[in-house]
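For the protein sequence lines, the chains are A and B, in the order given.
For the first sequence, the numbering used here gives the first residue as 36, with consecutive numbering after it.
For the second sequence, the numbering used here gives the first residue as 36, with consecutive numbering after it.
It is worth saying that the hints were derived from the structure and are not from the lab.
Fair warning: there could be bad hints in the mix.
It does not matter which identical chain is meant; a pair holds if it fits inside one copy or across any two.
[Said to hold, decoys possible] Think about it this way: if two alpha-carbon atoms lie no more than 27 Å apart in a straight line, the pair counts; the simulated DSS-like pairs of lysine-lysine are:
(1) LYS125 x LYS143
(2) LYS143 x LYS120
(3) LYS121 x LYS143
Number of protein chains: 2
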Amino acid sequence: MAWELSAQRPIWSQLVEQIQLRIVTGRYPAGSRLPSVRELAADASVNPNTMQRALSQLEADGLVCSQRTSGRFVTEQEETIMELKKTLAKNLVRDFLTRIEALGYTAKEAAQLLEAEDAAQFRTKEDA
Amino acid sequence: MAWELSAQRPIWSQLVEQIQLRIVTGRYPAGSRLPSVRELAADASVNPNTMQRALSQLEADGLVCSQRTSGRFVTEQEETIMELKKTLAKNLVRDFLTRIEALGYTAKEAAQLLEAEDAAQFRTKEDA
DNA sequence: ATCATTGTATTAAGCTCTTAGTACAACAGT
DNA sequence: ACTGTTGTACTAAGAGCTTAATACAATGAT
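Given these sequences and hints, build the entire structure.
Structure representation (structure tokens):
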């Protein structure tokens, strides 16, 4: 999955989310070394300062730690990562429920919409 | 539902979404007169210019129309409103599916998470 | 006719975000 | 010892968002 950045929100914030995603999905495994700030920035077509800001945030959250001159590493505590994954999922679900109910749908109807959309995506993939 | 504004995204954009919500849920019925720009701005604790920008966007989308000096009115075409509701719901579902799958969950697991969270919310409401 | 209210427009200031460019100390590899 | 890479820090500029403060023409109510 490449970097997907929108101008509608702070880029550094989107970078935080997408690096989190790469960590919880194992693309950046626990304890592994991250690409350098400059490398990540170039890959995302973003200024190094912006990437640095995102990484500082991740470091403040305890998800990565920097070794000053040898690079930056993902935390070795796999439990922290699993917990993050659960939190992200729970927030996603909670936000979705809040929004869909604000629109006037019940949770049951939301589940039906979800099934319908999933089936539609499945068909699209099959056709491809 | 009061105005819920975050500093993380452009306020005018959030105002657009929340006014859309008030329209599709019938709080601002089709054909009805909206509060004045200044009134809405004061209610949302926002600068009139910011509210004006949101309303201009809604007008460009054909959801409201202004009568220059007598006020602004919700479109009378209820079909437009119903269509917006469906579109908003579909986008919500699609985005949720995309994000939850990016986290590593299948659509089925997502549905289970949804049920679990809904049950949790139900319990919370019962306790209150 | 008068006056308040309507949408709309304009200018200025302050803020955050982003980019660009530069710089420095600490370490690894040679 | 030297060189390149590392994270980190700083300044400057430009863009967008928000607020503040006005201003104006058109209309409705009185």
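Given identical chains, is LYS143 near LYS120, meaning Cα to Cα at most 27 Å, within a copy, between copies, both, or neither?
Both ways: LYS143 and LYS120 sit 25 Å apart in one copy and 17 Å across, limit 27 Å.
Intra/inter-copy verdict for LYS121 and LYS143 if alpha-carbon distance must be at most 27 Å
For LYS121 and LYS143, the Cα distance is within 27 Å both inside one copy (23 Å) and across copies (16 Å).
What label fits LYS125 with LYS143 when the C-alpha limit is 27 Å: within, between, both, or neither?
For LYS125 and LYS143, both the intra-copy (18 Å) and inter-copy (15 Å) Cα distances are at most 27 Å.
When each numbered hint is compared with the structure, no violation occurs for any of them.
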